[in-house]
Amino acid sequence: MRLGFATGLRLLLHARGRFVGALGGIAMAVAIMFVEAELLLGIVDSQATVAQLLRGDLVAMNVSLTNLHKWNRLDEVRTQQIAAVDGVAHVTPIYEGAVGMRNLEDGRIRRIVVFAFPPDGLPIDIGDAAEIDGLLKRPDTVLFDRRSRPIYGAIAPGGDIEFESKLKLRVAGFVDIGPDIVNDGALVMSEGTWLARFGSDTPIMAAIDLVPGADREDVRRRILARLPVDVAVLTPAEAREREIVFTLRVAPVGVLFAIGMLAGLIIGSVSCYQILFNEVIDQQRQYATLKAIGGSDAFLRRLILTQAFVLSWIGFAAGGAVAWFFDASVARTTGLPLDLSGATAMLVLALAMAMCAGAGLLAVRSVTTSDPAALY
Amino acid sequence: MDNGNHRALDPSAAIAIEAVSYTFGSGSARKPVLFDLSLHLAGGEFVVVTGPSGAGKTTLLTLVGALRALQTGSIKVLGTELAGLDARGQLEIRRKTGFIFQDHNLFDALTSYQTLRLAMELGGRAVPKREALQRATDMLGELGMAQHLHARPRELSTGEKQRVAIARALVNNPSIILADEPTASLDRQSTDAVIGVLKNQARRSGAPIVMVTHDNRLFAMANRIITMADGRITAPS
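In order, the protein sequence lines correspond to chains A and C.
Start counting the first sequence at 1; every next residue gets the next number (the working numbering).
Start counting the second sequence at 1; every next residue gets the next number (the working numbering).
None of these hints come from the bench; they were simulated from the model.
On a predicted model such as this, the values are computed, not experimentally measured, just so you know.
Hints are supplied without guarantee of correctness; some may be wrong.
Stated by the list, open to error - Ranges between beta-carbon positions, derived for each pair: (1) N278/A <-> G79/C: 26 to 32 Å; (2) M346/A <-> G84/C: 56 to 62 Å; (3) G84/C <-> A298/A: 21 to 27 Å.
To be verified - Derived, one-sided and incomplete: chain C residues facing chain A with beta-carbon distance under 7 Å: (4) T62; (5) L67; (6) R68; (7) L91; (8) A119; (9) K199.
By construction, the Cβ of each residue, glycine as well, lies at the ideal position given by its N, Cα and C atoms.
Please put together the full structure from these sequences, using the hints given.
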């Protein structure tokens, strides 16, 4: 077994020029798959930002709100109706919108996303709840997301920020949300400030806190029984899942990145197949000799698959390094956190191994079907 | 055989070929190459098979080595009937056979030692590294190749490569040896050395040697010379 592995490795590394060429193709494929996966996960994260930050026991939203960035709003009266249901302790409407904010250093207007809610019972996880509630209770104040991209100029507590409409609001402190592929930065303000300064609006959803000991499923059933059919009631996890599923399955962006990953897979498969097939064809008589002197098809398969897997592992390492440099470069220039997560790495490694194994199994057919009698 | 070679099947024969015919292709492309062939080889016997191209010598060799499936007749190798033998059974026969081909067919990537080690592994028994090294050194030494234990094929002459291929065939102490023009690329001295090693092997292990060759130098060394033409044995010695 070990000798089969060692022999496969020797056969692979012997034709160095061909090996390096194939490795380049596989590394490129791996890097493409990494970047596509990270961008896709980045998009998914950005689509589900609000859902991922939710703190309540349940969340209510318009049933036709297919994703959180489509503006099918929750009718305000529903929040009052939900609050009247037995087992509901507190309902917090959440507003989301985008405004133009002036960089006071260069005068340019930049888009920034705004989250707003009543300052009593923080519905999203963005920092210390008591401190944030206290700060938001001050009129005409905002909290700035300290992880925003550095495109809004210097922002400091006690200073003012200016909006496109020339409106100025005071920065009371910071929160932690982080930029994503869609949004460069975020502001948080109270429901009162949002409605008073940016006109009437309706919430995108409402976070529901239950009274201690209430059964979540019972309360959900009661809410749905009480309200018209225009409201969906989900747990925060379900809301996140709905966002991710929507992005992956329905939104074109999911399909686009899936096509990108497929392109990477094809490039890698072709590169891997090319080197393995050429190796087999160039040494067909040698492989047939192995068959003649007692090599079983399983042994020959192991010999070729060893080469395929080694290619995938080295290609994965090289492609991962390229992706790491890409991530660092993107993070430096955009602030986007494209992390090489363990799950992404495992996914790409599995894809790389599958693609090389597939190519190997195709190439091995010309070995297992070779006729050792033709050697004489 | 019909032409006087038919004898009663010797139950002690290492290789017993009985009424074997073989045809390539089918329909209008059908081409018979062996006709009702019978032949017995005793253990340790060195048999040279000669004859013109197309006589069926190589086909006979591939049938005895279980590289092809029998169509009609019977071949018993070391008591195992090859007719109707499944793939696993064929593999077992091949593992007991020392194959020497006209071309060396060595992997460029493997040293002589690695080639022999691989052959030992394919022989069906795991061999400890120390023992493998010793066996490879001894085998190559017998063929005058001890100094090339760690050489790759590109560092060897054609004759040296062929001797590594012969070592590969013999390193598992095979029960039968099938060779096709093994000395074609060897000089006189090397040929004598190789034949000496083959005969020693035959004497030690009782393995019969079937060698297809046109090399007249070898005829005097053989126990028996069989001449074939048109799929038949025309001149047994």
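We went through each hint and held it up to the structure:
Under the hint 26 to 32 Å, the C-beta atoms of N278/A and G79/C, about 43 Å apart, miss the expected range. Under the hint 56 to 62 Å, the C-beta atoms of M346/A and G84/C, about 49 Å apart, miss the expected range. Roughly 23 Å separates the CB atoms of G84/C and A298/A, a value that falls within the hinted 21 to 27 Å. Annotation: T62/C was flagged as interfacial toward chain A, and the flag holds, the nearest CB pair being 4 Å apart, inside 7 Å.
The beta carbon of L67/C is positioned within 7 Å of a beta carbon in chain A (closest approach about 4 Å), and the interface hint is therefore held. Satisfaction of the interface hint for R68/C is found here, the shortest Cβ-Cβ separation to chain A being roughly 5 Å, below the 7 Å cut-off. For L91/C, the interface hint holds, since its Cβ comes within 7 Å of a Cβ in chain A; the closest pair sits about 6 Å apart. At a threshold of 7 Å, the smallest CB-CB gap from A119/C to chain A is about 6 Å, leaving the interface hint in force.
Using the Cβ-Cβ criterion of 7 Å, the hint placing K199/C at the interface with chain A is not satisfied: the shortest such distance is roughly 21 Å.
The earlier numbered hints that this structure contradicts are 1, 2, 9.
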